[in-house]
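Asker: Add chains X, H and Z to chain D, keeping to what the hints say.
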Amino acid sequence: MEAKEIIARRVAQEIEPDTLVNLGIGLPSMVANYLPKEVHVFFQAENGVIGLGARPPEGMEDPDLTDAGGGFVTAVPGAASIDSAMSFGLIRGGHLDMTVLGGLQIDERGYLANWMIPGKMVPGMGGAMDLVAGAKHVVVAMVHTAKGKPKILKECNLPLTAQRRVSLIVTEMAVIEPTEAGLVLKETGPDASVDDVISATEASLIVQGDVPKMRL
Amino acid sequence: MEAKEIIARRVAQEIEPDTLVNLGIGLPSMVANYLPKEVHVFFQAENGVIGLGARPPEGMEDPDLTDAGGGFVTAVPGAASIDSAMSFGLIRGGHLDMTVLGGLQIDERGYLANWMIPGKMVPGMGGAMDLVAGAKHVVVAMVHTAKGKPKILKECNLPLTAQRRVSLIVTEMAVIEPTEAGLVLKETGPDASVDDVISATEASLIVQGDVPKMRL
Amino acid sequence: MKHAIKAAEAAELIPDGSTLLIGGFMGVGSPHRLIDAIVDKGAKDLTVVANDTAMPGRGIGKLVTAGCLSKVVASHIGLNPETQQKMISGEIEVDLVPQGTLVERIRAAGVGLGGILTPTGIGTLVADGKQTVSVNGEDFLLEEPIPGDFALIAAHQADYVGNLEYSLTAHNFNPIMALAGATVIAEPHTIVPIGVISPDSVKTPGILVDYLLERQPDGS
Amino acid sequence: MKHAIKAAEAAELIPDGSTLLIGGFMGVGSPHRLIDAIVDKGAKDLTVVANDTAMPGRGIGKLVTAGCLSKVVASHIGLNPETQQKMISGEIEVDLVPQGTLVERIRAAGVGLGGILTPTGIGTLVADGKQTVSVNGEDFLLEEPIPGDFALIAAHQADYVGNLEYSLTAHNFNPIMALAGATVIAEPHTIVPIGVISPDSVKTPGILVDYLLERQPDGS
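Protein chains in written order, with my numbering: chain D, 15 to 230; chain X, 15 to 230; chain H, 377 to 596; chain Z, 377 to 596.
Watch out, some of these pointers could steer you wrong.
From chain D, some residues computed to sit far from chain H (all C-beta separations above 10 angstroms) [unchecked claim]:
1. 26
2. 134
3. 225
Derived DSSO-like pairs (lysine-lysine); straight-line CA-CA distance at most 30 angstroms [unchecked claim]:
4. H:420 / X:134
5. D:200 / D:168
6. X:200 / X:227
7. D:51 / H:378
8. D:134 / Z:447
9. X:51 / X:227
10. X:163 / X:18
11. Z:382 / Z:420
12. X:168 / H:506
13. X:150 / Z:378
14. H:417 / D:150
15. Z:378 / X:51
16. Z:506 / D:134
17. Z:447 / Z:420
18. H:420 / X:150
19. D:168 / Z:506
20. Z:506 / D:150
21. X:134 / X:161
22. D:134 / Z:420
23. X:134 / H:378
24. H:506 / Z:506
25. H:447 / X:134
No lab work stands behind these hints, which were simulated from the structure alone.
For glycine and all other residues, C-beta sits at the position ideal for the given N, C-alpha and C.
So that you can see chain D by itself, here it is in the shape it has in the complex (with noise of 0.2 angstroms):
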C-alpha cells in the first residue's frame, strides 16, 4: 500500500459519526475516500460550506461552488452555504470537531509548523493558525520523514502555525499521540517496526508496552 494511502485510511478510522469535519488540501483531502459509508459526517469547506460533496458529473460544474483548493466539488442534501466569518467563526469558536492538515514540522510538545519555509517558500498560513488553535480535535496527516530527514524532531526550526499540542500525528510509519509527558507511540504502520520508527523520528518517542500494529 503506498504511504499516502496507509495515513489516509489510518485518520478516517478516527472520524466519529456526525461530527463536523475539516479536510486540508492535498493528503489530507483523500481521508474522505475511506470512510465506512455508514459513518455519516458533515464536511466543511473552510471556503464557504459545510456539506462538501464529491465531484460533480461532467457539465454540471458550478463556477460558484468549489473546495478550498479551487477544484470543483458538489453540496450534499443539507447543506448551508457559510461566508468567512460564519467559516471562521467555527472553527475559532471550538464547532470543529476535527481538522485534518498537512505538515513540515512537529515538535516534542507536539506543536506543529506547517505554513512557511523562511526564505524559500512563503505561501502564507491560510487558514491553518485558526484551524490548528480552534479546531476541537487537530490530526497531522503527513508522511513520516521528508527526503530521509525526520520531520518529527526535538523543535521545529520552521516557524510555528501556533502554539498548541495537536491531538494526533499520523503517517505511514505511526500514530503517535502527543502527551503531556511527551510523544506515545501509539501503533506502528503495517511495514515499520518500533524500532524502524524511532530511528526515523528525531524526538523522543514514550513506547509503552507492546505497540500495535494498525489495523487498515
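Answerer: Same frame as chain D, but now just chains X, H and Z:
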C-alpha cells in the same frame, strides 16, 4: 399646534433623501408621519428590519414583524431582515445616517442622558448607548421642560448615555446645535421668543444675530 | 439527522442554576413552548441572558413571574414592571448591557474571541470596573464574552438535520445565540425535509443545533 | 434606487493609491469585470486586501501581473508564484494574516469595533510587535481593524435598491467586506426588480451599497 407635533414636523425636515434613519419609540416615531412623500428614506427598526413600514391592514398583522416597541408594522418593498449583530453593526459601524431619540437631560457639552433615573426608573439603555455612540447624526427630540423645569442643563445629574456631543436638539421651543463653543440657538418655536427659550434653559445658549422662527 | 423531542423533555435537560441564552425581542422570536415547559417544570435559580424580559404573561416575562430566575443579563427591562420590582427587592440580580454590546459579547463567546473592543459605554456607568484598551489613540471598552450553558432558539423553519431559517424581525438574537450555547435547543415553527431549505437560505447550520423541538402538536 | 454603472466608470472612481477590499477565494466570488476594468485603466500603487491573489491570469492575479499593486494583505499567496516573486523582489509588500483573523479584522472595521482579541497566532511570528491582552488569565492577540477606501463585491443577484444575495462558496469575504468599504461597489451576476429578493434572503442590505455594476452586457 401641539408640542409633539411641532417637534416631529421640525425633525422631519432634517432627514435627507436616500438615507438610513432610526426613530426611537414614542415621540421620535411620530417623525415618519411628517416626511414629505418625495423624500425616500429607509427606516431601521433596531430589532431587525431595514425598511420599516406603517401599520399593516387589519387581519394581516404578522407576529414576526414588529417595531422596537413591539407594535405590528409592515416592511416596505426592498426591505431587508437583519439579526441583532447586523443591526448594531450598522449602528456602531457608522452606517446609520441619523437616529432620533428622546431625552431626559442634555448638558452644555451636548451630552445626553436618557436611560435611567437612579432609584426611580431603571428601564435599561436598550439600543440607546450604541445609537448615540455610533450614528452619524444624533437628533434629540424632546419637550423643552419637564414639569416646568429645564431639561437642558449646565451639567446632567442623571447618568450619561454616551460621552459624545449630539448633533441637534429639537424641542417645541427651539432648535439648538451643540458645538465645540457651546449650545447655539438656531431657531425658536412658533410660540417662543429668544428670551422665553433662555429662561426655560439652564445651560448657557449662544445667540448669534437674529434667530429665525421654525418654518413648519 | 436530529431526533425531534417534546418541550417537556427539553426542559428536563436543563438543570437548575443553568445560564440560558434566550432569543427574542419583546417576545417576538422567543421559543414560547420551551419557556412554558420550563415554567411547568418549576425550574429555579436560572440566569437568563436575553435582550429584554418582555412583559408579564409573555415570553421571558413568564419565567420572571414564575420565580425561575435569579439573574438577568439584558439591555432593557423597562416594559416589565415585575422584573424591576424583583430587582429592587433583591430577588433577581439585573445586569444591564447595551444592546449592541450584548449581542457582540454573545457572538464573541460563540466564535472564540477573547472579548470585544467597543466605543459604546465609554464615559458612562457601563464602563465602571472594566478594562479600557487604547487602539491608535482611541479608547475602547473591553467587554468579555457571554457564553451560555444552553441557547434556546426560536426559528421559522428547520430541516431534518437542524438547519434553521428565521423570519423578519424574529431573527434578532437567535442566529447569534445559536453560536454560543454549549447545548443548543431550537424550537422551529415548522420542520421540513432535507433539501427544502436551500444551502443559501440557511442562517444557522444544523451542526450547531443539538436538539430540535417537535413541531407544534396541533399544527398551528 | 441605485444607478447601474459600467465597469469602466467604476474603475474611474478609484484613485491610484487606494486600499481595496476585494471579495473572492481563489477567484471564486471575485468581481471579475471590475478587476478587468482596473487593469484596463492602468491603476497604480493599489493596496489589495483579499483572502488570496488567486493565480496568474485569474481574478486578483490579473492585478498582480499588470503591476497595479504595491501592497497585498492576504492569508495565502501560495498558488500565485508571481506574487511571491514580486514580494521577494520588493515590488509588492506582502502582509500575511491568518484567514479567520483577516475576516474578523475587516468585520471589526465595518461594525465599529476597536479591533479583535483572538487566540490565533499567539506564540507565532504573527504575534510579533502586537499588543497581547489578558482576559480571565488567557492571552489574546489584539489585531487592529482593516477598513478599505473601496470594497469590490461580487454578488449572485442584486435588486434595484442594491440588496445582495450570494451563491454557495462565492459568499466568502464578500458579505463582510461590504460592511467595511468607505465606498462599496457591487458587481452582481443578475439584477432583479424590487421585491424579487425576499427580505429574509438579503445578505447585504442595499443601504451598504454605493454603486451597482450593470449586469453583464451580453447577458451571460
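Asker: All hints, please: hold or fail.
Answerer: Hint by hint, here is what the structure shows:
no., hint, verdict
1, 26, "holds, 19 angstroms"
2, 134, "holds, 32 angstroms"
3, 225, "holds, 35 angstroms"
4, H:420 / X:134, "holds, 28 angstroms"
5, D:200 / D:168, "holds, 18 angstroms"
6, X:200 / X:227, "holds, 9 angstroms"
7, D:51 / H:378, "holds, 19 angstroms"
8, D:134 / Z:447, "holds, 20 angstroms"
9, X:51 / X:227, "holds, 24 angstroms"
10, X:163 / X:18, "holds, 17 angstroms"
11, Z:382 / Z:420, "holds, 20 angstroms"
12, X:168 / H:506, "holds, 28 angstroms"
13, X:150 / Z:378, "holds, 21 angstroms"
14, H:417 / D:150, "violated, 34 angstroms"
15, Z:378 / X:51, "holds, 19 angstroms"
16, Z:506 / D:134, "holds, 25 angstroms"
17, Z:447 / Z:420, "holds, 11 angstroms"
18, H:420 / X:150, "violated, 44 angstroms"
19, D:168 / Z:506, "holds, 28 angstroms"
20, Z:506 / D:150, "holds, 26 angstroms"
21, X:134 / X:161, "holds, 17 angstroms"
22, D:134 / Z:420, "holds, 28 angstroms"
23, X:134 / H:378, "violated, 48 angstroms"
24, H:506 / Z:506, "holds, 22 angstroms"
25, H:447 / X:134, "holds, 20 angstroms"
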